[in-house]
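Add chain B to chain A, keeping to what the hints say.
There are 2 protein chains.
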Amino acid sequence: MPSIDFAVIGTHHAHVYDIVDGLIGAGARLAGFCGDEDAGRAAFAERYAGARREKDAASILGRKGVQAVVLCGLPSERAGVACRAMRAGKDVIVDKPPAITAGQLADVRRVQGETGRRFLVVFGELLSGAFDRALKLYREGRIGELVSVAGMAPHRLGEARPEWFYDPARNGGIMVDIGCHQIAQFLTITADPAAELVDASIACFGGRDGFFDSGDIILRSGRVRGYARVDWMTPDGLGEWGDVRTMITGTKGYLDVRKTVDVGRPESWDVLYVVDSRGIERMECEHAPLDFYSKLIADIRDRTDRSISHEISFRTMELAIQAQELAESRWPCVR
Amino acid sequence: MPSIDFAVIGTHHAHVYDIVDGLIGAGARLAGFCGDEDAGRAAFAERYAGARREKDAASILGRKGVQAVVLCGLPSERAGVACRAMRAGKDVIVDKPPAITAGQLADVRRVQGETGRRFLVVFGELLSGAFDRALKLYREGRIGELVSVAGMAPHRLGEARPEWFYDPARNGGIMVDIGCHQIAQFLTITADPAAELVDASIACFGGRDGFFDSGDIILRSGRVRGYARVDWMTPDGLGEWGDVRTMITGTKGYLDVRKTVDVGRPESWDVLYVVDSRGIERMECEHAPLDFYSKLIADIRDRTDRSISHEISFRTMELAIQAQELAESRWPCVR
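Just so you know, the sequences run in chain order A and B.
Following the working numbering, the numbering of the first sequence begins with 13 at its first residue and continues without gaps.
Following the working numbering, the numbering of the second sequence begins with 13 at its first residue and continues without gaps.
The shape of chain A in the complex, shown without the other chains:
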């Protein structure tokens, strides 16, 4: 099976390692990279010691052998680079958020449509064995008809974030940055890109002006409701970056997805509880194989979008940007 050659443009976020490792693990070849000196380039070069360093995006986009580019630069610049890349005939694999304004999103949507290039977004929080398993069980009918999805995704803020991270003009804000995982999850479970935003809120507790560290969102797909809350408040005593959970309720049972730590049994990771007519079943999913990156490579080879559909990715970001704007517009009323 032929694989692909890809190059990295932008190393601002450490997600780049997950994506590059995922692609290499699935058989793709890292053909080169470029990045800013003060934004992860040296660490990247050290980690992938054989990788060819390019001067800039243009050098990479000019290389015929590079089929796809991985974008992990500043969130505010990803959409622009993605458009240039697609126009240069490259497929795009982009860390979330791939766009942070409605204008950027409209641009990538239009250029993707015009060029037919792949625009594949990596929503890392969907890459969980427990979530994969839950999705499969739901689709097989294990919990009956879908009633509700409720996600909780606290994240650790830590001390070492770069300045751009705190700037909504560069990172997009909490709903765009981490709310988007939750939206992508709801659209994936419901398989409904027509799902709508009902309400969203953000708030600032941490005292850093202009940096919103908490938020929530309500979505709906017909009579199915989706709720999610996100924050940057993981306490230091939790050994992990966040205690990320999703409760998927159906008419005949529920799927309790604990994507990271299971606080009641902290020795385990990525666990699914299924509660239905038969009882409570616990499934450890830490070592379940994930085929996301294989599917992603296949999408590039076969011109499909089975790893994550264009429609769901675009709609996710549309809703995330809407949610961010709605919540920001309301904030002065509650501060």
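A hint or two may mislead.
Put simply, identical chains are the same to the list, so a pair is met inside one copy or across any two.
Pairs of lysine to aspartate or glutamate, EDC-like flavour, derived with a Cα cap of 16 Å [stated by the list, open to error]: (1) 76 x 171; (2) 264 x 171; (3) 264 x 248; (4) 307 x 317.
These are calculated hints, taken from the structure and not from any lab test.
Just chain B now, kept in the frame of chain A:
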């Protein structure tokens, strides 16, 4: 310490046993009861074999020695009986929901104000050792400033519910009936009777016309958000009536309250997890003493409302009725 004599008016809901047992356990004396023949009266008489059976509410309200009445009749009739009881000089202990319409609520509020009688509502889902402990820890500052409260309260529908249960005109609907616990919880944690309703939805999945078996609600108190979802979908395989959880997130940690079963460790009941700067702490609270009924008796003796304040009870029902109305008005758009 002097105790009180109380009598029961209405035995429609089995909550009457919890309340009567709670009061007797705290030293009060059951002085009599009345109830409908087809609504729990025989079972009540059998369980409390020495209790004096009265013909009707009027007979009980005419008895000088009875200080308080426990109301557990049809939800739609509780407010009316409560007003008569308060006007007759009795204090009222009432199962939730104490009123199911805005008009009924206005009546009990007015009569309580005019008579100064106690109007003490039992929101049974607040009576959890883990919740009690969580509330205490939050108030002591263990998790810093409050950020969010998210409650999930599925309930088992079962087969044996009486006809009135399915009739919103008699039971008030899902938000009034079981959403009210969640609202009372949010107002109790925030200690903010000025908290507002942001959004609410209900839906019907079970196919029984007019019976809404799922719903959710968003509340806010300043920048603190409250979410809750309720349903009648507990699957048969769960050994308990519902897997009831509350996640209380603060700026310095979170309190994960599992009021009933802990699905990861189903041998335990009523468990609290505290996650903060120090680590994960698990507290088994099943046998923690609850002083709700002692406080309730003290409230009657001392003319206080420390068990559950009038203000929080009234505001809870106001929000529950608002939520029910808002959600019902929207339902045709999504069905």
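Tested hints:
Proximity of residue 76 to residue 171 under the C-alpha cut-off of 16 Å is found in neither arrangement, the shortest distances being 41 Å within a copy and 68 Å between copies. Proximity of residue 264 and residue 171 under a CA criterion of 16 Å is satisfied inter-copy only: 15 Å between copies versus 44 Å inside one chain copy. When the C-alpha separation of residue 264 and residue 248 is checked against a cutoff of 16 Å, the pair qualifies only between copies, where the shortest distance is 9 Å, while the shortest distance within a copy is 37 Å. In this assembly of identical chains, residue 307 and residue 317 lie within 16 Å of each other by CA distance solely inside one copy; the values are 8 Å within and 62 Å between copies.
In the structure shown, a violation is registered for the earlier hint numbered 1 alone.
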